[in-house]
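Chemist: Protein sequence lines correspond, in order, to chains R and G.
The first sequence lines up with residues 28 to 194 when you count with the numbering used here.
The second sequence lines up with residues 139 to 934 when you count with the numbering used here.
Heads up, a few of these hints could be off.
[As the list claims (entries may be wrong)] If you want a taste of the chain R side facing chain G, the calculated C-beta under 8 Å gives, among others:
| hint | residue |
| --- | --- |
| 1 | Ala71 |
| 2 | Ile75 |
| 3 | Pro79 |
| 4 | Asn87 |
| 5 | Gly90 |
| 6 | Ile117 |
| 7 | Arg123 |
| 8 | Ile125 |
| 9 | Met183 |
Honestly, the hints are just simulated from the structure, not real lab data.
Predicted model, so just to flag it, every value in this text is computed and none were measured.
Beta carbons: idealized from backbone N, C-alpha and C, even for Gly.
So you can see what is in the structure, the chains are spelled out below.
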Amino acid sequence: MSEDLKERAVITSDDSREYLTFTLGDEEYGIDILNVQEIRGYDAVTKIANSPDYIKGVINMRGVIVPIIDMRLKFHLGQVEYNQFTVVIILNISGRVIGMVVDGVSDVVALKGEQIRPAPEFGAVLDTAYIDGLATLDERMVIVVDIEKLMTSGDMGLVDRIQNESS
Amino acid sequence: MTIDMTQFYQVFFDEADEHLADMESLLLELDVDQPDLEMLNAIFRAAHSIKGGAGTFGFTDMARVTHVLETLLDRLRKQELQPVTEMVDAFLEAGDVLKAQLQAHREGEEYQDERIDRVCTWLERLTHGEQPAGTAPSASPTAAPAHSDQTQTAEPTWKISFDPLASEFKPDVHLDALAESLGELGTLQRYSEATGRPVVWYLSGPGVCLNNIQEIFDFICDLDGVQIAPMDDAEKSASPAADHEDEAFGFFDEAPGTPQDAEDPGYGFFADSPAAPVSIPPENNGQPSDSGYGFFENAPGAEASQDTESDGYGLFGNSPGMEQVASQAAHDREENAQGYGLFDPSPGYPSSTKSGDDSPSGSTEAPTKGGDSGGAPPNKENAAKSQTPKRGPGGDSSIRVSVEKVDQLINLVGELVITHAMLAESATHLDPVAHEKIFSGLSNLERNSRDLQQSVMSIRMMPISFVFNRFPRVVRDTAANLQKKVTLRLVGEDTELDKGLIERLADPLNHLVRNSIDHGIESPEKRRAAGKSETGEIVLRASHQGGNIVIEVNDDGAGLNREKLLAKATERGVPMSDNPSDKEVFQLIFAAGFSTADKVTDISGRGVGMDVVRRNIEQMNGRIEIDSAPGQGTRITIRLPLTLAILDGMAVRLGDETFILPLTAIRESIQPKREQFKTVSGKGRVLNTSGEYLPLVVLQDIFELGQVGQSLEDSIVVIVDTNEGRMALVVDELMAQQQVVIKSLETNYRKVRGVSGATILGDGRVALILDVDELVQLNQEMQPKRTGTSEQGNLA
Chain R
28 MSEDLKERAV ITSDDSREYL TFTLGDEEYG IDILNVQEIR GYDAVTKIAN
78 SPDYIKGVIN MRGVIVPIID MRLKFHLGQV EYNQFTVVII LNISGRVIGM
128 VVDGVSDVVA LKGEQIRPAP EFGAVLDTAY IDGLATLDER MVIVVDIEKL
178 MTSGDMGLVD RIQNESS
Chain G
139 MTIDMTQFYQ VFFDEADEHL ADMESLLLEL DVDQPDLEML NAIFRAAHSI
189 KGGAGTFGFT DMARVTHVLE TLLDRLRKQE LQPVTEMVDA FLEAGDVLKA
239 QLQAHREGEE YQDERIDRVC TWLERLTHGE QPAGTAPSAS PTAAPAHSDQ
289 TQTAEPTWKI SFDPLASEFK PDVHLDALAE SLGELGTLQR YSEATGRPVV
339 WYLSGPGVCL NNIQEIFDFI CDLDGVQIAP MDDAEKSASP AADHEDEAFG
389 FFDEAPGTPQ DAEDPGYGFF ADSPAAPVSI PPENNGQPSD SGYGFFENAP
439 GAEASQDTES DGYGLFGNSP GMEQVASQAA HDREENAQGY GLFDPSPGYP
489 SSTKSGDDSP SGSTEAPTKG GDSGGAPPNK ENAAKSQTPK RGPGGDSSIR
539 VSVEKVDQLI NLVGELVITH AMLAESATHL DPVAHEKIFS GLSNLERNSR
589 DLQQSVMSIR MMPISFVFNR FPRVVRDTAA NLQKKVTLRL VGEDTELDKG
639 LIERLADPLN HLVRNSIDHG IESPEKRRAA GKSETGEIVL RASHQGGNIV
689 IEVNDDGAGL NREKLLAKAT ERGVPMSDNP SDKEVFQLIF AAGFSTADKV
739 TDISGRGVGM DVVRRNIEQM NGRIEIDSAP GQGTRITIRL PLTLAILDGM
789 AVRLGDETFI LPLTAIRESI QPKREQFKTV SGKGRVLNTS GEYLPLVVLQ
839 DIFELGQVGQ SLEDSIVVIV DTNEGRMALV VDELMAQQQV VIKSLETNYR
889 KVRGVSGATI LGDGRVALIL DVDELVQLNQ EMQPKRTGTS EQGNLA
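The shape of chain R in the complex, shown without the other chains (with noise of 0.2 Å):
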């Protein structure tokens, strides 16, 4: 599905991009809108064992299999609490369905280039590496996470890495 939506990218004649906005705390993140592939509310989940404790575990959705990811905790941002208002967004990377619980959807943008400035190094909070800058929008900044690297990264074990494979 992926694959599809990519090639009807979403590039307005201005060369910009849409991003989808969200809130974690109070820091607002863009991810881009073409992995978005839905929004939803948070069900019950189904543990799963020995995984790291963002990793909540993973729902049914329509017959698929998803695990679900809470963003707040991988960030140590904002209050972890599960009620009728937590939002669970549905990502499609590179085929793979995945669920983020973040504090609150906030908009969808266009974004251009050159709006989005390089960011300075962070340290520890979250690795550069995913972010691909920050962007200034009516007073408000928002970190563009390239999002697709961030899940496929080895850290949030989402993914089998090679030597899991093996073993």
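Given the coordinates of chain R, assemble chain G onto it according to the supplied hints.
Modeler: This is chain G only, laid out in the frame that chain R set:
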């Protein structure tokens, strides 16, 4: 023992069809100047597969053609020869012959035609590296006149005269196009075009009728300006055709649309087949001995075998004989200039070049066409050989569908079953009396979806005879090699199981059977000395047991030697209990590399590859057991789930979570008493059940589910079989036994240790399916981490 091979014919036919279609499309793609080695290999493989299959099923005629084909392909792929266009032609021609042979075998007959010999010699000549001769493939002189005879006599000829200027279309451009369209109906002879108007054309062909001509003209111009009239010679030649057919025109027997049905059914067929008209010009030309003639004779287009005509012109378009057609046409033009040329710009020529371009698309539909028309053509032959038993109307009895599609269907049905379960659960809150209709609807839905599930599942099911029936041969060969006398008995070959399993079962079974012959069955002398009959017997038995398939490999040989195995284990330092059960000892032979080291004992060889066998079986969610009695024989039992997609499981509760335990692994479940739990030096916990001490696996600890909800005494202990022996699994509650659809966690997540997959429960929640073998390993790894105190607390 005899096996009825005919039951496999259909599979072979389908496969061969597929291979032929593959080969053809590859051939058509092949760039002769820069041949892709991979492609040549692929073509070779296709040919090889057909040959193998044909050989196995005793279709020697097909095997012969493929053999020659293969020899040439082999030289090509080894780059000993440079491919030339002629070879592609020859291959395509061979492919057509094979198709005809295949079709004939489908009908339960044998295809006999000089075509076969011709193609073989052609291929052989090419294999020996001869240059394409001027005459191209050697024509068979006997067939040529007969052929021309027939076509000539059979065709009605129409005289078409019109005035291009009066009929409001531009000459040249449209005339050629028109000629081409007409050329598709039959052979077009263009008269007096150059000399002036009105233009007179003669159109002849087996499928030509007035309506079609009018139709074509209708597109271009006013019909009033066109006169179309039948010619006499069509009438006078109509009758003899039918008489001659049977002996003389071998290939036209299966070609629809030939002689006597010129007007009707055949017409549709030939309308989209320019091949036939293309091949006719030389005959009408009245030059049967012409060098170009043999070429035409040989082109598949000429033979018009019903399922290949679309390929025919592809071949025609590229073939080396092209120059001859061109020169022939040129020659005719010369003659025409002198006033007596029969056909000016050879009508076959333009259409053949054009159809050459079309052929790739044509070839893709060729197989379907063959299938569609499969039943119709050989009526005449059937009348002649009505005694020959027919194998039914080929083609239609089975279809090949990609496994992916079937799996998709199975998934969808699985979803349906889940949805139903969810509905049923919601309905339990309703008052059965007030909502009677809902409940009856639900029960209907349940029945229907179960039926649907079963039928969808059965798509993937095949009788196990597909694996079993290779064994008579294996047994015969192996026994002959080892100078032993062995008979094989097959029991329950009709037992059906998943196709995916069947394919994966072949190797392990092969191994087991060979092992049984090699190491189980004794030599005739020994058997006689032991008072047994000289001939050993191996029994392959398949049966359903519950939701499982049970396959047994029995032999009445010497059996496993417990002492030797034990000695071997000690020698290799395999830890064994003091008084191990037979089962434990026999399981040793499945240990990796257990007896590969030396071959001192007569059973040593049994370990070779046995660990591979076990691993294969386990990958299929199956289990393997071994029983043996000295001097009596050995029985190896394989238990497999019916399918890979569905698992019989026991839902167990642990805290708030539900897990599925594969039913195949469960031995028994017990309500333990406190005194049954023991600790071993504070490190490992064991459960004492009927005198045995089994390792105790507490899932809460392994899965780090946090607080232990209830004390061990209140829990249920499930005894499961693992490949490391039995173990005791502590769960809070047994919920229900149910069939679950296996879903992979890896699709969107990754492999989780201790878990083989996930499934969706009736309430829509996800439950993880436990992998008991991995749980044992996890448990062993966990042991050192544990402290004695926490367990003591639990026990208290």
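Chemist: Min Cβ distance, alanine 71 of chain R to chain G: is it shorter than 8 Å?
Modeler: Nearest chain G Cβ about 6 Å off; hint holds.
Chemist: Regarding the hint that isoleucine 117 of chain R lies at the interface with chain G, is the smallest CB-CB distance below 8 Å?
Modeler: At 10 Å from the nearest chain G Cβ, isoleucine 117 of chain R fails the 8 Å test, so the hint is violated.
Chemist: Next item in the hint list is glycine 90 of chain R. Is there a CB on chain G closer than 8 Å to its CB?
Modeler: Because about 5 Å separates glycine 90 of chain R from the closest Cβ in chain G, which is inside the 8 Å limit, the hint holds.
Chemist: Hint methionine 183 of chain R vs chain G: min CB-CB distance below 8 Å?
Modeler: Since chain G brings no Cβ nearer than about 10 Å to methionine 183 of chain R, farther than 8 Å, the hint is violated.
Chemist: Measuring from the C-beta of asparagine 87 of chain R to each C-beta in chain G, is the shortest one below 8 Å?
Modeler: Because about 5 Å separates asparagine 87 of chain R from the closest Cβ in chain G, which is inside the 8 Å limit, the hint holds.
Chemist: Taking the closest Cβ pair, is arginine 123 of chain R under 8 Å from chain G?
Modeler: The hint holds - arginine 123 of chain R has a Cβ within 8 Å of chain G, the shortest such distance being about 5 Å.
Chemist: Going by Cβ atoms only, is isoleucine 125 of chain R closer than 8 Å to chain G?
Modeler: 6 Å, holds
Chemist: Does isoleucine 75 of chain R pass the interface check with chain G, least Cβ-Cβ distance below 8 Å?
Modeler: The hint holds - isoleucine 75 of chain R has a Cβ within 8 Å of chain G, the shortest such distance being about 6 Å.
Chemist: Next item in the hint list is proline 79 of chain R. Is there a CB on chain G closer than 8 Å to its CB?
Modeler: This interface hint is violated because 11 Å lies over the 8 Å limit.
When the structure is compared with the earlier hints, violations turn up for hints 3, 6, 9 and for no others.
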